[in-house]
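Given two chains presented individually in distinct reference frames, assemble the corresponding complex, making use of the accompanying hints.
Just so you know, the protein sequences line up as chains F and P, in that order. Quick note: the first sequence uses the working numbering, first residue 1, plus one each step. Quick note: the second sequence uses the working numbering, first residue 1001, plus one each step.
Just so you know, the hints here were simulated from the structure itself, not pulled from any lab data. One should not assume that every hint holds.
Said to hold, decoys possible - Only pairs whose alpha carbons sit at most 35 Å apart, straight line, appear in this in silico DSBU-like list of lysine-lysine:
| id | chain 1 | residue 1 | chain 2 | residue 2 |
| --- | --- | --- | --- | --- |
| 1 | F | K191 | P | K1121 |
| 2 | P | K1182 | P | K1121 |
| 3 | F | K32 | P | K1159 |
As the list claims (entries may be wrong) - Covered stretches of chain P, going by a simulated chain F footprint (3 or more residues, C-beta under 8 Å):
| id | stretch |
| --- | --- |
| 4 | 1104-1118 |
| 5 | 1139-1150 |
Source: prediction; values computed, not measured. The beta-carbon is built from N, C-alpha and C at its ideal position, and this holds for glycine as well.
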Amino acid sequence: MHISEGVLPGWCLGVGWVLTAGGLYLGLRSIKGEKIPRTALLSAAFFIASLIHVPIGVTSVHLLLNGLAGALLGWAVFPALFVALLFQAILFQFGGITVLGVNTFNMAFPGVVAYYAVRPLLRRGTTGSLIAAGVLAALIGVFLAATFLSLELICIGSSFIKTAELAFLAHIPVAAVEAIINSFVFLYLKKSGIKLEV
Amino acid sequence: METPLSGEGILGTIDPRIKILSFLLLAWTVALAGNLLQVFAFLPLALLFYATAYRKTATILKILLFADFFLLFVVLTQLFLGSPYQGILIFFKSTIIVLFSLLLLTTSPVFELLHALHHLKVPNKLLQLMFFFYRYLFTLNEQLNLAKKSARSRGFVPKTSIQTYRTYGYLLGNLLLKSYFKSERVYRALLSRGFKGYFPVFRHFQIERRDIVFLLTTLIYWGVAVWKFYL
Chain F
1 MHISEGVLPG
11 WCLGVGWVLT
21 AGGLYLGLRS
31 IKGEKIPRTA
41 LLSAAFFIAS
51 LIHVPIGVTS
61 VHLLLNGLAG
71 ALLGWAVFPA
81 LFVALLFQAI
91 LFQFGGITVL
101 GVNTFNMAFP
111 GVVAYYAVRP
121 LLRRGTTGSL
131 IAAGVLAALI
141 GVFLAATFLS
151 LELICIGSSF
161 IKTAELAFLA
171 HIPVAAVEAI
181 INSFVFLYLK
191 KSGIKLEV
Chain P
1001 METPLSGEGI
1011 LGTIDPRIKI
1021 LSFLLLAWTV
1031 ALAGNLLQVF
1041 AFLPLALLFY
1051 ATAYRKTATI
1061 LKILLFADFF
1071 LLFVVLTQLF
1081 LGSPYQGILI
1091 FFKSTIIVLF
1101 SLLLLTTSPV
1111 FELLHALHHL
1121 KVPNKLLQLM
1131 FFFYRYLFTL
1141 NEQLNLAKKS
1151 ARSRGFVPKT
1161 SIQTYRTYGY
1171 LLGNLLLKSY
1181 FKSERVYRAL
1191 LSRGFKGYFP
1201 VFRHFQIERR
1211 DIVFLLTTLI
1221 YWGVAVWKFY
1231 L
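This is chain P alone, in the form it adopts within the complex (with noise of 0.2 Å):
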């Protein structure tokens, strides 16, 4: 589990801190528009920025189209039992946010983007929630994998049962166990390399000549639309 976009294209190769600022300014802008026009007034940029990523069009698609039932559930409920106007602006703010956070967020690394964001002053307790939430998420993931194939080779076959329920209850007290367990050996392994809190890190962020384009890019962009659309 990678961001679906990771280092991908032009936009991969942009400073986080830059790419987060930006998509928060951008996507705070169509979440507050109110009619279509203004939210249209970004789409030229959506996909500007898509352009940069057209070799993953499968991906994007994808993510698009599959990623949201909810969106779904409500852009369909407003078509035909509320407003069909209400359901098409939804559905575009939130195309054009999704299109924006998978150009600007996910073409970096899950790594760099927790780095930028110490940067950005987040609180490092919750950095540091979200490190070992991102570090363990995969060897947790592994072991429900392994109780869940082990499980399946004594014959389990998930159904409509209150026998299929026991097992999952099992699978899950035993999944929060483990990670339980495996916590507190975490903690001992941090405290015996006198751990205060912080990651070294090999890379830090040097802002280059292409962020600075990028930067007064987007906010001349959004300036201009702001103005003629907003105001």
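Chain F with its partners taken away, still in its complex shape (with noise of 0.2 Å):
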């Protein structure tokens, strides 16, 4: 879930912009020569991915994706993820721009901290670990980006406390579906046999 414009408080958008100002400075400089067209296609693979909607019950829910996309593209995902949320912003205006700075943060920071827990699991790509770093993926990525989210709604006040209750709890179904199709994904890749170094 992107946060609308409007939402938050001032200073909050304003934390948001100088994290994700970092972030971007260490994932630009982390990128030079093939590793841009690179970080892009794959940015825009990404944002194609979570406009799928997968079914789960009754309903269906879209794909974060932020700790895959963490995993392979590691400070990258800063860059990457910016993109994505700035033509989602342009193109389809979800998210905005005033919170672009935090809606970064919020999906770009969890994404670094999964490829740091996945990438010894990766290299060690038995199926059992490959299965055991898509569903890491997926938790770190889905559940530290909602208690992000979560505690910034708090911060507005406290009626919304029970806002940011039910925005947490509707993250679990998509951790849940997002673990398993992660665990796929890296099994597919281990498959092909092709060693995706971002």
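Shown next as structure tokens:
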């Protein structure tokens, strides 16, 4: 879920932009040469994939995929998700420009955490460790993002506690579905015999 | 996928650099508003902008009403479980900022917006990412649609099952591989053409009288609104 325009107080928007600027600096420093088109195309692929409706029970969810993106991109996940969220704001008006800093940080920082958590498992490369990596990436990515989102909502005022609780709960089915899908993505990448070194 | 109001009305002809700067000023001012009065101070300007694109009313309403489930969720939970005043305040803040965004940003095509960002000193690497992202978004979307079509033609029906999730996982993995290999070909093609990080553009921006009139009007409105309602 992306926070919309006009929801958060000004200082929260400002802090979000500062943190995202730091992440962007580190991320952009880590990509040069062939990594520029690679990051851009993978970012576009994640953008498209997150538009898929995945059925769960009587409803369907959109995937966040920030854990998976982080595991593959490392710090470059900051510019990758920044660009994706900017285009969501321009093309569909999801999220927005003033909240772009907060939204990027909410999504990308858990991605970076997932990167450091998942790398050793991916390097081991057995079926079990790949499944564990998929589950771990989804849990870190989705729940950390949901935690940031809920904390920011609580920051607005005490009347937002219920809103924050519901927002957090809404992420549980996403995490479950994403854990399964991530595992299959890692297994597929292993099966195709190619190392995605980004 | 192009911006929803590309080239619409008089605002579609204003220099995108000026529109981006005006948007940032107006959007941040509304975002920092603390009460309804400060928000409503900018409603007439938003409606005036809307009037220039009245022919696209259906598109604008559809985006304002349906694009934003998060806003709906926040406003509803505030109305019923939190403080209704907050809910209403957030609804109007968000709607006015989105109106500004629709009429100032999305009345220019994406490439012109990116070109304008270059003039506004956005780092070149970030801009390259945006260009490549936008250029290959459609290609990759096409790829995924083909893959989905071929899955359907083999009898794939999405439902809540491990089979469905495996199919989506493999589709996604395949999409990632394709974009990875495509990026390598793109990079070699760029190298062989002597790409140095800058795209030559055909049309350069030129500030005209209507751009200055637009900028001055916006600035004066903003100044008066801030003076009357914010200070």
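So, against the hints stated earlier in the document, which numbers end up violated here? Structure breaks hints 1, 3.
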